[in-house]
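Student: Starting from the given sequences, assemble the full structure and let the hints guide the process.
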Amino acid sequence: MMSFYYSYQPLIDFFLIAVGLGYSQQLALRAGVFSIATAGFSALGAYATAILVTRYGVPVPAAILVSAVVGMAVSYVLSVPLARLRGAFQAIATLAFVQVVIALLLYFESFTGGAIGISGIPRVMNTGWLLLAVLVTIYVIWSINRTSVGRVFNALRQDDSVAASLGVPIKSYYALAFVLSGLIGAVFGALRSLYVFNIEPVDFGFHAMVASLTVVVLGGRNTLLGPIAGALIMAILPELARPLAENRGILNGVILILVITFLPNGVGDELVYWLRRRLRRAPKTMSKRKEGADVVAAD
Amino acid sequence: MSSLRIEDACKYFGGLKAVDGINMTVPAGRITGLIGPNGAGKSTVVNMISGVYSLTRGEVYLDEQQLTRLHVDEVARCGIARTFQNIRLLPEESVLDNVVIGYFRKQRSGVMSSLMGLPAALAETRRLREQAWELLGRFGIQKYADYEAGSLPYGHQRRVEMARSIAAAPRIVMLDEPVAGMNEVESAEMAEIFEDLARSGMGLLLIEHNVAFVSRLCSQVYVLDSGRMIAEGPPEAVTRDPKVIEAYIGGKADAA
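Sequences listed follow chains A and B, in order. Counting with UniProt numbering, you get residues 1 to 299 for the letters of the first sequence. Counting with UniProt numbering, you get residues 1 to 256 for the letters of the second sequence.
These aren't lab readings, by the way, just hints derived from the structure by calculation. One or more hints might be untrue.
Result set (EDC-like, lysine to aspartate or glutamate): computed pairs, CA atoms no more than 20 Å apart in a straight line [unchecked claim]:
id, chain 1, residue 1, chain 2, residue 2
1, A, Lys171, B, Glu74
2, B, Lys106, B, Glu59
3, B, Lys106, A, Glu239
4, B, Lys17, B, Glu59
Just so you have them, the derived chain B footprint on chain A, three or more residues with Cβ under 8 Å [claimed, not checked]:
id, stretch
5, 140 to 154
6, 248 to 262
Taking beta-carbon pairs under 10 Å as the criterion, some of the chain A residues facing chain B (in silico) [to be verified]:
id, residue
7, Gln99
8, Ser110
9, Leu176
10, Leu180
11, Trp274
12, Arg278
13, Arg280
Ideal placement from N, C-alpha and C gives every residue a C-beta, glycine not left out.
Tutor: Structure, rendered in structure tokens:
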């Protein structure tokens with residue numbers, strides 16, 4: 001067990017970061033916000049922490065906190081114009097947001113280090129801290145799933161005018177989903193910067209955007225298992241496909257097409273739905289069938 | 001006793017006068033009918049009251065409170081609920097969860113306690129699920145509680161939607177063709193529920209095609225034709241009104 005951990009430690013750590021960013025991506029999609037802004041939030045979080053820690057000697061916990069606040073503030077501001085858009089237009093707007101963030105990082109060279117980025121970031125993150133961050137995120141989303149906010153998010157995704165007709169202030173809840181997505185994205189961006197020694201704009205570009213979207217598409221949009229399953233596939237696949245290293249992009253593409261075609265809800269979601277169907281068939285319906293029979297008899 | 005009033009309400013779509021200067025009152029504790037041939041503007045009226053359409057002219061009041069310029073969700077939070085003519089459930093959710101979301105307006109636990117999974121929020125969810133389960137029983141669809149709402153037959157979907165609309169005990173509920181596609185026995189079951197609701201003090205507005213069904217239940221009936229109110233009064237009087245007869249069968253007689 002321990003030897004497994006030591007030989008795969010970087011893989012495990014990057015898997016945990018991918019899970020966190022996956023939840024940021026999933027939260028937006030799950031509430032019906034077609035956002036791909038996660039890469040932009042993680043860039044903001046990473047740079048905020050890196051700059052504060054390396055330039056100003058701010059303690060790491062305080063820097064992470066600032067990253068979280070930056071993530072929430074920016075996502076809140078962004079949620080206002082986003083609320084006026086739908087579907088693909090939201091995707092394009094958030095794509096533009098990511099590009100703007102990257103452009104600004106390149107432009108303010110004296111502050112952000114330009115294309116070279118920031119190096120010499122202390123590596124204070126380890127598997128334990130990353131795991132803790134993922135577990136806290138899972139707890140929050142698990143809580144959401146079991147309470148009012150989760151019900152509202154599901155309603156927004158499926159039919160937001162129905163939600164409005166039931167009294168849901170839909171703009172506020174869209175903003176809430178987006179702010180949570182921004183918060184999680186920025187925090188995991190910050191954690192990532194405290195793990196990799198140096199960051200540069202290219203780490204958060206198109207590739208990062210596709211990566212966190214892929215985690216959710218492969219894993220699933222709605223369940224807790226989704227991002228874990230998606231990130232697991234993304235982490236293991238390159239290892240299995242080492243001989244094909246040259247063609248890794250093709251392999252990723254093929255897997256993505258296969259999953260979208262045959263498991264459109266994502267591997268994790270499909271698994272959870274399948275389990276739920278099985279559990280439902282067994283004990284619970286037995287008691288309900290009896291009550292159902294009474295209704296029929298009463299007719 | 002509260003009541004919903006609309007005064008001189010108009011809705012024009014460009015040159016089309018979909019609803020043209022109607023007055024209507026939906027009192028609490030009563031069942032009011034809104035009938036009229038296809039395309040008369042009945043659903044437009046529902047959309048005007050619930051805030052989906054802004055009024056071209058006129059006002060909507062709930063008691064003394066003006067609703068005219070409120071958004072859909074604000075109107076709902078004032079205690080006005082509705083169903084949709086073309087049934088709109090959350091298709092991926094279970095029947096039970098479709099009803100649970102109906103309690104939104106009455107929820108007490110806040111967003112933070114939901115995010116932190118505090119016991120109060122979890123207890124509320126449990127309580128709402130129990131209440132929704134009982135409400136499903138009242139509509140005779142308890143045995144479908146676990147089914148995906150989208151997989152239910154049409155008539156049952158209507159029942160789910162009605163259960164959802166009355167879950168939060170609104171002051172006024174507008175039911176758009178509640179018994180469309182139901183047989184005699186099923187309509188009678190629904191009629192019983194509507195009468196119970198009215199007795200409990202809720203004001204009901206039934207938008208219907210089925211004149212017989214409306215006549216049996218309603219204390220007051222409004223008849224809409226081409227966006228104008230052509231008759232109002234107790235059902236016995238309205239159904240004998242020559243203008244109403246003409247609106248309903250006159251057109252057909254002409255065509256024949």
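Student: Should the interface hint for Leu180(A) be scored as holding, given a Cβ-Cβ cut-off of 10 Å against chain B?
Tutor: holds, 8 Å
Student: Take the shortest C-beta to C-beta distance between Leu176(A) and chain B; is it under 10 Å?
Tutor: holds, 7 Å
Student: Would the hint on Trp274(A) be counted as holding, given a Cβ-Cβ threshold of 10 Å to chain B?
Tutor: The hint is violated - Trp274(A) has no Cβ within 10 Å of chain B, the shortest such distance being about 14 Å.
Student: Between Lys17(B) and Glu59(B), does the CA-CA distance stay at or below 20 Å?
Tutor: holds, 17 Å
Student: Starting from Lys106(B), check that the Cα of Glu59(B) is at most 20 Å away, please.
Tutor: violated, 27 Å
Student: Is the interface hint for Arg280(A) satisfied, with its Cβ closer than 10 Å to some Cβ of chain B?
Tutor: holds, 5 Å
Student: In terms of beta carbon proximity below 8 Å, does the stretch 248 to 262 of chain A have 3 or more residues touching chain B?
Tutor: With 0 residues in contact (Cβ-Cβ under 8 Å with chain B), the coverage given for the stretch 248 to 262 of chain A is violated.
Student: Is the interface hint for Gln99(A) satisfied, with its Cβ closer than 10 Å to some Cβ of chain B?
Tutor: violated, 31 Å
Student: Is the Cα-Cα distance between Lys171(A) and Glu74(B) 20 Å or less?
Tutor: Measuring from Cα to Cα gives roughly 12 Å; hence the hint holds.
Student: Does the CB of Ser110(A) sit less than 10 Å away from some CB of chain B?
Tutor: violated, 39 Å
Student: Would you settle whether the hint for Arg278(A) is holds or violated, based on the nearest Cβ-Cβ distance to chain B being less than 10 Å?
Tutor: violated, 13 Å
Student: Taking only the CA atoms, is the gap from Lys106(B) to Glu239(A) under or equal to 20 Å?
Tutor: violated, 52 Å
When the structure is compared with the earlier hints, violations turn up for hints 2, 3, 6, 7, 8, 11, 12 and for no others.
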